[in-house]
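From first to last, the protein sequence lines stand for chains A and B. Using this note's numbering, you'd call the opening residue of the first sequence number 58 and step up by one each time. Using this note's numbering, you'd call the opening residue of the second sequence number 2 and step up by one each time.
Derived by calculation from the structure, the hints in this document are not laboratory data. A quick note: this is a predicted structure, and the numbers were derived from the prediction, not measured. Please note that a few of the clues may not be correct.
Okay, the calculated bits of chain A under chain B, using three or more residues with CB under 8 angstroms as the criterion [as the list claims (entries may be wrong)]:
1. 72 to 82
2. 250 to 259
3. 309 to 319
Listed next, the stretches of chain B that the computed footprint assigns to chain A, with coverage defined by at least 3 CB atoms under 8 angstroms from CB atoms of chain A [said to hold, decoys possible]:
4. 84 to 94
5. 149 to 162
6. 243 to 257
Cβ coordinates follow ideal geometry from the N, Cα and C atoms, glycine included.
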Amino acid sequence: MMFRSGVGPSSAILRVDSTGRYTLFVGVTDIGPGAKTTMAMIAAEALGVPLERVDVVWGDSDRCPYSVGESGSRTTIMTGYAVVEAARDLQRQIAERGMPTGDGVLIASATPTPSTQGRQRLCFGAHFVEMAVDVELGHVRITKYVAVHESGRILNPRPARDQIRGAVLQGVGMALREDLLYDARNGQPLTAGYYGARHLTHLDVPEIEVTFIETDDGFGPFGAKTVGEAGIILAPSAVANAIFNATGRRMKELPITRSRLVEAFA
Amino acid sequence: MKAFANRKAQTVLEAVAVARSTLDRGQAVSFAGGGTDLLQLVKDRIPNRPNLGQPDVLVDLKSIRALGIADVVVESGLMRLGALATLTEIGSAPFVRERYTVLAEAADSVATPQIRNVGTVGGNLAQRPWCWYFRNGFPCYKAGGDRCFSAGGENQLHAIFGGGPSYIVHPSDLAPAVVALGATIRIAGPNGERAVPAAEFFVLPRQDARHENILADDEIITRVDVPTLAPGTRSTYRKIMDREAWTHALASAAVVLRMEGEVCREARIVLGGVAPVPWRVTAAEALLVGQRVTRELARSVGEAAVADARPLARNAYKVPLTRKLVERTALELAAGA
Numbered sequence: 058m059m060f061r062s063g064v065g066p067s068s069a070i071l072r073v074d075s076t077g078r079y080t081l082f083v084g085v086t087d088i089g090p091g092a093k094t095t096m097a098m099i100a101a102e103a104l105g106v107p108l109e110r111v112d113v114v115w116g117d118s119d120r121c122p123y124s125v126g127e128s129g130s131r132t133t134i135m136t137g138y139a140v141v142e143a144a145r146d147l148q149r150q151i152a153e154r155g156m157p158t159g160d161g162v163l164i165a166s167a168t169p170t171p172s173t174q175g176r177q178r179l180c181f182g183a184h185f186v187e188m189a190v191d192v193e194l195g196h197v198r199i200t201k202y203v204a205v206h207e208s209g210r211i212l213n214p215r216p217a218r219d220q221i222r223g224a225v226l227q228g229v230g231m232a233l234r235e236d237l238l239y240d241a242r243n244g245q246p247l248t249a250g251y252y253g254a255r256h257l258t259h260l261d262v263p264e265i266e267v268t269f270i271e272t273d274d275g276f277g278p279f280g281a282k283t284v285g286e287a288g289i290i291l292a293p294s295a296v297a298n299a300i301f302n303a304t305g306r307r308m309k310e311l312p313i314t315r316s317r318l319v320e321a322f323a
Numbered sequence: 002m003k004a005f006a007n008r009k010a011q012t013v014l015e016a017v018a019v020a021r022s023t024l025d026r027g028q029a030v031s032f033a034g035g036g037t038d039l040l041q042l043v044k045d046r047i048p049n050r051p052n053l054g055q056p057d058v059l060v061d062l063k064s065i066r067a068l069g070i071a072d073v074v075v076e077s078g079l080m081r082l083g084a085l086a087t088l089t090e091i092g093s094a095p096f097v098r099e100r101y102t103v104l105a106e107a108a109d110s111v112a113t114p115q116i117r118n119v120g121t122v123g124g125n126l127a128q129r130p131w132c133w134y135f136r137n138g139f140p141c142y143k144a145g146g147d148r149c150f151s152a153g154g155e156n157q158l159h160a161i162f163g164g165g166p167s168y169i170v171h172p173s174d175l176a177p178a179v180v181a182l183g184a185t186i187r188i189a190g191p192n193g194e195r196a197v198p199a200a201e202f203f204v205l206p207r208q209d210a211r212h213e214n215i216l217a218d219d220e221i222i223t224r225v226d227v228p229t230l231a232p233g234t235r236s237t238y239r240k241i242m243d244r245e246a247w248t249h250a251l252a253s254a255a256v257v258l259r260m261e262g263e264v265c266r267e268a269r270i271v272l273g274g275v276a277p278v279p280w281r282v283t284a285a286e287a288l289l290v291g292q293r294v295t296r297e298l299a300r301s302v303g304e305a306a307v308a309d310a311r312p313l314a315r316n317a318y319k320v321p322l323t324r325k326l327v328e329r330t331a332l333e334l335a336a337g338a
């Protein structure tokens with residue numbers, strides 16, 4: 058799998074006060090994947106200061122610069138780039154004027170529009186599924202799932218791994234369980250709601266092992282590439298391929314439910 | 002959500018009397034056991050009692066302190082399951098697990114641990130269907146309307162036996178188990194108590210398309226009496242689901258066998274998830290009696306179990322699925338697995 062991992066415009070503001078506390082302002086909203094922590098880590102790394110000296114103000118449109126939002130697998134690679142630029146500007150100011158004293162502060166901001174100089178930037182992945190299929194009862198049990206990703210340098214390993222795991226969960230649900238059914242006569246949904254959506258339960262979730270192959274192509278903050286959406290793309294085809302490998306039959310319609318398997322092998 | 006009054010009943014008599022007087026005032030009433038499903042129906046504005054509409058009054062049964070109503074008691078050869086005993090209690094009682102395995106396994110297969118901790122025996126047996134038309138607010142028979150939307154629509158999960166004019170499948174996991182065990186269901190109403198064999202508690206849509214059982218609007222289940230099983234009896238409940246937990250059966254089988262060495266002397270096979278009532282397959286049972294249960298015999302038993310199946314446009318898979326389920330369950334249970 059290849060998935061775009063381009064760089065693009067973003068903004069960050071970084072401030073330091075006389076006590077040596079740094080405050081980073083970014084417009085991104087942490088919707089769960091840990092963007093707040095990752096942005097602080099990027100700032101601390103670029104500034105060469107301990108992480109605990111960096112506070113982050115995020116998602117507040119009164120105080121933070123514009124952000125397009127948490128989408129498109131771009132928060133780390135795009136906003137992270139602006140954080141690095143702002144940190145470099147702040148370091149330059151400190152070198153020129155010294156640390157602020159009293160009530161004074163130093164403020165740096167950056168709105169870079171980096172480019173990959175005409176080249177396409179991609180991240181890569183490969184997923185491996187081991188499963189047992191009972192064709193008579195249409196039962197699929199995934200015994201092991203291994204996801205290997207090349208997402209450049211991994212800046213914040215735990216959320217990166219969990220983001221891949223979460224994506225795999227959704228992808229396996231898409232492959233085996235979740236369906237959107239409407240009554241053709243009136244267009245009313247039949248699989249509405251939490252119960253109707255047939256997402257995976259804890260008992261449906263396989264052991265998921267995530268491995269990263271780290272590289273640095275010189276673009277993005279410290280060579281980071283996309284993680285986000287890259288994780289879900291492979292899961293349905295990896296699961297369907299494993300079913301083919303186990304049974305010799307291609308299932309060509311998602312989700313590959315019990316009923317479809319039983320019908321195919323009856 | 003429509004506002005309702007919550008009346009805590011202290012006794013069975015008070016519960017049914019409150020229901021009767023509510024109905025006499027022209028208002029709608031529902032009984033609340035664990036309430037896990039009832040409250041969802043109220044919130045989704047789906048009628049629990051099909052001829053009444055949204056309840057004005059809920060009669061809370063959990064406040065009843067009558068002897069045995071929330072307990073599992075063994076006395077004079079009977080196991081008495083109180084209607085308010087929880088599914089967790091049924092599933093975890095060592096006595097039930099050992100002697101009435103089919104019942105414990107059925108209770109364990111329901112929904113999730115949280116729901117089983119609260120859901121009751123009575124509520125599970127009297128549960129409303131989980132047909133996606135009914136649960137998504139379609140004005141079908143089960144909601145008090147006069148048609149079944151599944152017949153010409155999406156019927157992947159619907160009945161292959163006993164359907165028409167409604168094609169729901171009965172959602173209860175305990176139901177096939179109590180029918181297979183030959184249990185008796187005790188019912189209380191304003192005019193006193195009655196007891197019916199479990200098989201007669203459930204009704205086919207052609208008898209009553211709106212209700213799944215014989216309970217009147219002012220009646221409750223108080224107890225389920227399970228007879229003592231003869232020595233050599235073993236049982237199991239197998240449930241086929243479209244995910245590993247928290248869902249209803251695509252097909253299930255409650256199987257009770259009395260074995261004498263390798264020979265089967267008595268057999269009960271009751272299917273769930275495939276008919277509007279727990280579906281007993283007597284032709285399949287008959288093949289087992291007096292026989293050693295070989296692989297070939299088990300295959301014939303599976304075939305006999307689905308011989309009368311009448312699948313709809315989108316649920317033909319349930320026929321081979323049920324056949325294999327019955328075949329394997331009979332074979333493994335007879336072998337002592």
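Hints, one by one, checked against the model:
| no. | hint | in the structure |
| --- | --- | --- |
| 1 | 72 to 82 | violated (count 0) |
| 2 | 250 to 259 | holds (count 6) |
| 3 | 309 to 319 | holds (count 5) |
| 4 | 84 to 94 | violated (count 0) |
| 5 | 149 to 162 | holds (count 5) |
| 6 | 243 to 257 | holds (count 7) |
Of the numbered hints stated above, those contradicted by the structure are hints 1 and 4, listed in ascending order.
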